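Chain order of the listed sequences is C and G.
The letter at position 132 of the first sequence is residue 132 when you use the working numbering, and the numbering goes up by one with no holes.
The letter at position 466 of the second sequence is residue 466 when you use the working numbering, and the numbering goes up by one with no holes.
Simulated from the structure, these hints should not be mistaken for laboratory data.
What you are looking at is a predicted structure, and each value in this text was computed from that prediction instead of being measured.
Glycine included, each C-beta is placed from N, C-alpha and C at the ideal position.
Among the clues, some could well be false.
Claimed, not checked - Straight-line Cα separation of at most 25 Å, PhoX-like style, residue types lysine-lysine; simulated pairs:
1) C:Lys-388 <-> G:Lys-704
2) C:Lys-642 <-> G:Lys-431
3) C:Lys-322 <-> G:Lys-619
4) G:Lys-431 <-> C:Lys-265
5) C:Lys-297 <-> C:Lys-16
6) C:Lys-215 <-> G:Lys-215
Stated by the list, open to error - Ranges of calculated distance between the beta carbons of each label pair, as one might list FRET restraints:
7) C:Ser-684 <-> G:Gln-247: 39 to 49 Å
8) C:Lys-431 <-> G:Lys-322: 34 to 44 Å
9) C:Ser-684 <-> G:Glu-696: 39 to 49 Å
10) C:Pro-434 <-> G:Gln-707: 35 to 45 Å
11) G:Ser-684 <-> C:Thr-597: 33 to 43 Å
12) C:Asn-206 <-> G:Lys-322: 52 to 62 Å
13) G:Glu-427 <-> C:Arg-287: 33 to 43 Å
14) G:Pro-434 <-> C:Asp-228: 29 to 39 Å
15) G:His-204 <-> C:Leu-351: 37 to 47 Å
16) C:Asp-703 <-> G:Glu-599: 57 to 67 Å
17) C:Asp-644 <-> G:Glu-599: 30 to 40 Å
18) C:Asp-338 <-> G:Ser-684: 34 to 44 Å
19) C:Asn-206 <-> G:Met-245: 16 to 26 Å
20) G:Leu-713 <-> C:Asp-644: 16 to 26 Å
Residue-level listing of the chains:
Number of protein chains: 2
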Amino acid sequence: MTNTGTNIDINMPKLKRCADYIRYLSLECIEKAKSGHPGLPLGCAELGILLYRYILRYNPKDPKWVNRDRFILSAGHGSMLLYSLLYLAGYNGFSLENLGAFRQLGSNTPGHPEYSLDEGVETTTGPLGQGFANAVGCAVEGKILAQRFNEENFELFDYTVFALMGDGCHMEGISYEAGSLAGHLGLDNLVAIYDANDVSIDGHMNITFTEDVGKRYGAMGWHVEHADIGNIPDVFAKLKKLKDMRQGKPKILILKTVIGEGLNKKRNTPDIHGAPAGIDEIVFFIRHSEIRDIFEKKYGKEAAEEENRLSNIMEARLREKKPLDDSESAAFMREILDESRQVYDKWKQKLEAYKEKHAEKHDVLTKYLEFTLPEKLQTKLLNYEHGKPDATRGISGRVLNLCAGYLPQLVGGVADLAGSTKANIKEPGEKEIPYIQRDMFFNRNIAFGVREHAMGAIGNGLALNNVMIPFTSTFFTFFDYMKPAVRLAALMKLNHLFIYSHDSIYVGEDGPTHQPIEHLNALRVIPGIYAFRPANDFETAFSYLYFLQHRNGPAAIITSRQKVPGTGYPTSNSTDRQELYNQFKKGAYVFYETAGTNEPDIILSASGSELPLALETAKLVEEKDNKQVRVVSIPCMELFSKADEGYREQLFTPGKPLVLIEAASHRSVNLFYDPRIILVDIESFGVSAPGKTAGEHFGFTVDKVYQRIKEAL
Amino acid sequence: MTNTGTNIDINMPKLKRCADYIRYLSLECIEKAKSGHPGLPLGCAELGILLYRYILRYNPKDPKWVNRDRFILSAGHGSMLLYSLLYLAGYNGFSLENLGAFRQLGSNTPGHPEYSLDEGVETTTGPLGQGFANAVGCAVEGKILAQRFNEENFELFDYTVFALMGDGCHMEGISYEAGSLAGHLGLDNLVAIYDANDVSIDGHMNITFTEDVGKRYGAMGWHVEHADIGNIPDVFAKLKKLKDMRQGKPKILILKTVIGEGLNKKRNTPDIHGAPAGIDEIVFFIRHSEIRDIFEKKYGKEAAEEENRLSNIMEARLREKKPLDDSESAAFMREILDESRQVYDKWKQKLEAYKEKHAEKHDVLTKYLEFTLPEKLQTKLLNYEHGKPDATRGISGRVLNLCAGYLPQLVGGVADLAGSTKANIKEPGEKEIPYIQRDMFFNRNIAFGVREHAMGAIGNGLALNNVMIPFTSTFFTFFDYMKPAVRLAALMKLNHLFIYSHDSIYVGEDGPTHQPIEHLNALRVIPGIYAFRPANDFETAFSYLYFLQHRNGPAAIITSRQKVPGTGYPTSNSTDRQELYNQFKKGAYVFYETAGTNEPDIILSASGSELPLALETAKLVEEKDNKQVRVVSIPCMELFSKADEGYREQLFTPGKPLVLIEAASHRSVNLFYDPRIILVDIESFGVSAPGKTAGEHFGFTVDKVYQRIKEAL
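So here's chain C without its partners, still in its complex pose:
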């Protein structure tokens, strides 16, 4: 009778009633909101109860418990199921009032679940397939923590990650990518459940999705089981078996369900996927459900009998804030709370004992669980110098390894371009990259393969718990392949570091498919992510420092393929590194200025590898035209656009001609640019040619920029 025992008798009458109550809650709240997706909650109500009542290990009083089992609703549109379960399971964040505010402004019950560990929502889902890939990330984290910290008699980390997927999740390529990698890594702490109701928004699956999903997962090295929601004991037995089974394979339960179960005409139809059921269907449901007695008690036996009166009752209910209560269902779900608490306390005691017995490891673990930036690392990043000319991707690789030396929780990987983006952790001189593999989770590099999208979402999964610090990396042009995951990192404010190299036409010979043009500004318009495009050694180190200090969302570090000069300190500025970093944090700073000037005649600004071009051109203008110049480096446009106006005007003196040099498209938005701006950008696709030639072709030479300036002034 617990969620942790082995000999469990399922109380079928109580489960059935509770399932119908969950169905009713979804129907009422969705009807009230006049929008939502009842299909999944109605089809998976029993499954949800099995999980939260009999299978999952959790403590609603400490939702963030690091060794809890995770449940991820990858089919996020079925959010009412999750909210209902969290309410019934006793999570403080979810009351009936919260459920009644489904899809309303400011509620914690939005249309799709939004990441909130405090309330038991493990991740934001909705965009299909993402949640499943997040779950793969959580499972990797589980493996890492287990292999690094578990000791004999101290199985501190043995949690299981569950993900509920719909047909849509399976159709998305990201789920294939994530599933393939999960199979390769042998993540046997992962259980996927496929809500196989064979219906999506546009119709039954026979119009578009007829593959053999079990065989597909088998091909990827998964263990596959089948069950039918009509046979609850079997579903329970399979879930239990899959949870316990640790044989080097991730596991999937293909569960036949019926979308809209309990309804009349809309049962098993696409109509119920994504729209309220309608009063008639709700009335039908109530009259044929296990919770009919609640209505009889509340409104009289006859009221519950007559369709018209029930219909009027429902109309009235929809105007109320709080949905119908069923204390029996809540009591049933919460019967396990005591025992759950005992399991939780026992784990806490074990952790205390671990502290005694494995003091050193416990220390390390504490550093994982309570992040502080090591002061030494901070100092080193602040004073980082590389000096000689190098590509910023190379510098980034060195800085990453510097950080890795202090932060064992820093793990990540590359989508089959590790040698190119330099985003790998290894000892100096080590030739082979030590990869995380099946049973080798003490390593720190994940060979993601050419699976950018899953990489992004698995990285997000690694970040969810706020224990690991993940980085993921590929060519900047392939940011496109993983954008949906980057967006979710920004939306969830995950501390996930994206490292993108080969950032412009200077990629060269690989040609237009491999040369980012629009990506820089496409990234900059995403809310909540900071895009750093460092120009040299210290800007690269500062970008890492900012990410590690800021800890309130993702950052992208965008690096060059080609070498940039060893620029050293800005000539006109303080060599006080702290002061320089303070300016960097405002997104831009004066890199060079004609000695003694206050009011320059012209300002040249640039980001990344175009900074030296701005500097050289400025010096030409200074010399040849005897003008006073200022060069502004803009490593982070977002920070600069949020800096106080005084600082912005200090750099971009109003009224003065302002050159902006970026090998990136500012197309169409430049329509609104200040007329004083001389924009040197790229508004077509690139060319296959050596990088230098490509740069010349697009006018990125001192002569051509100088000419542009002369024409404009």
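Here the structure of chain C is known, so what remains is to put chain G in place on it, guided by the hints.
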């Protein structure tokens, strides 16, 4: 001895020599360019010859022949293989000089193949998995053309589409999505060839990719064969079998190859995947190859014997423009030209006979092959009126169907949101959408399933031939899932129409995951695509008209979920529709103006569903503050930013306050905006709430915009 016969003896000695010549060409040209990917060309040289010499049906003198077999190099980094084959097969576009300019500015031999039907390059590849999905699109087109036009004894369309995929292609989610749909549709005119060399950039496949690819394709309903490149007769037999087999299943040949075949130390290593082999390896190759005699003849027997001398010879060769010639290999490959020509002529004669026998169908076919915009349709679009309030997605659906009535080649579909985006073709009153299905290719809607990425690339595949006019559609927020395909459509200038609905926070209850914020400007910075965000009925119709007239690249039509007023004609403007369209083509036009004004006190501009807000606010300013106002509608920012300066200034009178209202992020780039601009945009993620509430929350009300204006002035 032909590429079309049935009893074929393969001339093994000639094939071997030609294969080594192809290897050598790749080695020399890549070495000369100091960059490139020799691994695949070396591993697949024999395969390429089998295809172009014995399997494919084509006519190098008419590369666009509509019934040619297609060969798509999905693993685009192996471009030197394709260029070598096209040169040897006798395509005019490829000479030895062209090959010698590999990866140089302006050459037609760029790092990755770039779409050029005139030269035999079927599509742009490089971003992995895209080419394969394009091939699926080509196969769908083949089925459509066959089912619509073939008649007894007139099998006009029976071409086969081949796609060569690497390990990387298979790891990408897009290939899974496309493969799953291809299996569902039973595309038995499609043959994938998997270059299974088990090596990618970062290492051998055992570090990341260990699934059973054959089983995976089996699960998706494909016919699977295996072969080893070491057994050429077997590879040939399998290719022939798969080409001929039409049993309702797409087919894949899993071909074991050796990356870098023919080299010494780098054979079968990741080192040869993406970097020049180096002189030593080339020297080793020559000495052990079938083309050693060329060197012996050219440079003397001893020269070819001695490594040092060969090394010097190679160094010298690399400074030459033209790579080594081998007339024997070219002659061997071109032996089939005569018979190819006969096959081609026969088809042309058949087409003539078809014209006699099936005159009506021939007429229709001609309209497919030689597009002209029907005048009636043009007139109807020009004068389109819907009148009453409706969402622009609904108007878009009507306009799409209007176009469909005149353009049978218009086909497309939606990623499981057909009821929402309204992008489906059906008769008025028809309830069910008539879907293209296995053997039902006379229909016009493809149920893409929740496979946005493959949808985009399959749509590209449908557009490649410039015969069909494809449209694809989903929610605007899921543009992210298909961005890599949109980029390629823009790069290739494909006439592919992207229809995105639910374009802003007005999506409402579905919440931030489903509300586009950054997408509008992320789309606008892509070169070569026109993003239209129509505000009403005629702007929607004009967007379609522009796309159909322009015919030089993709367009995106971005529509609202919520209703917009039935705005009718702009009050201050001509009711001459042609004149209005002329203005629309400049991207923006005056929608309203205070009567008699020349110099407005303030200009309010907006796109899409924010136009009514601009109008109402303007009228408030006009009335309350007695100011002269102008309202500018900007349906297409890209067109407006390219309009002549005079027109731009006519609308945005310099020096006047300019309000820009868009429920979209202009974050960070607004740093460079003209100080006169009052920007009403959204720079955070959305909220789950009814659309109207969300709009109010973000300040999109007349009162709040009015207040912003008052504060700024």
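Evaluation of the provided hints:
1. Under the criterion of a C-alpha separation no larger than 25 Å, the hint pairing Lys-388 of chain C with Lys-704 of chain G is inconsistent with the structure, at around 54 Å.
2. Our distance criterion of 25 Å between C-alpha atoms is broken by Lys-642 of chain C and Lys-431 of chain G, whose separation comes to about 51 Å.
3. Restraint check for Lys-322 of chain C and Lys-619 of chain G: the C-alpha separation of about 42 Å exceeds 25 Å, so the hint is violated.
4. Distance restraint check for Lys-431 of chain G and Lys-265 of chain C: the Cα-Cα separation of roughly 17 Å lies within the 25 Å cut-off, and the hinted pair is therefore satisfied.
5. At roughly 19 Å between alpha-carbon atoms, Lys-297 of chain C and Lys-16 of chain C fall within 25 Å of each other, so this suggested pair holds.
6. Our distance criterion of 25 Å between C-alpha atoms is met by Lys-215 of chain C and Lys-215 of chain G, whose separation comes to about 7 Å.
7. In this structure the hint that Ser-684 of chain C and Gln-247 of chain G lie 39 to 49 Å apart at CB holds, the actual value being about 46 Å.
8. The beta-carbon spacing between Lys-431 of chain C and Lys-322 of chain G, approximately 39 Å, falls within the hinted interval of 34 to 44 Å.
9. As the Cβ distance of Ser-684 of chain C to Glu-696 of chain G is approximately 41 Å, the hint placing it in 39 to 49 Å holds.
10. For Pro-434 of chain C paired with Gln-707 of chain G, a C-beta distance near 59 Å fails the hint of 35 to 45 Å.
11. As the Cβ distance of Ser-684 of chain G to Thr-597 of chain C is approximately 38 Å, the hint placing it in 33 to 43 Å holds.
12. Checked against the hint of 52 to 62 Å, the C-beta distance between Asn-206 of chain C and Lys-322 of chain G comes to roughly 57 Å, which is consistent with it.
13. For the pair Glu-427 of chain G and Arg-287 of chain C, the supplied restraint of 33 to 43 Å holds, since their beta-carbon distance comes to about 39 Å.
14. Look at Pro-434 of chain G against Asp-228 of chain C: about 33 Å separates their beta carbons, and that is inside 29 to 39 Å.
15. With their beta carbons about 41 Å apart, His-204 of chain G and Leu-351 of chain C fall inside the hinted range of 37 to 47 Å.
16. As the Cβ distance of Asp-703 of chain C to Glu-599 of chain G is approximately 41 Å, the hint placing it in 57 to 67 Å is violated.
17. Between Asp-644 of chain C and Glu-599 of chain G the beta carbon distance is about 35 Å. The supplied range of 30 to 40 Å therefore holds.
18. For Asp-338 of chain C paired with Ser-684 of chain G, a C-beta distance near 42 Å keeps the hint of 34 to 44 Å intact.
19. The hinted window of 16 to 26 Å between Asn-206 of chain C and Met-245 of chain G holds, with their beta carbons roughly 24 Å apart.
20. Judged by the Cβ atoms, the range 16 to 26 Å given for Leu-713 of chain G and Asp-644 of chain C holds: they are separated by roughly 23 Å.
In this structure, the earlier hints numbered 1, 2, 3, 10, 16 are contradicted, and the remaining ones agree with it.
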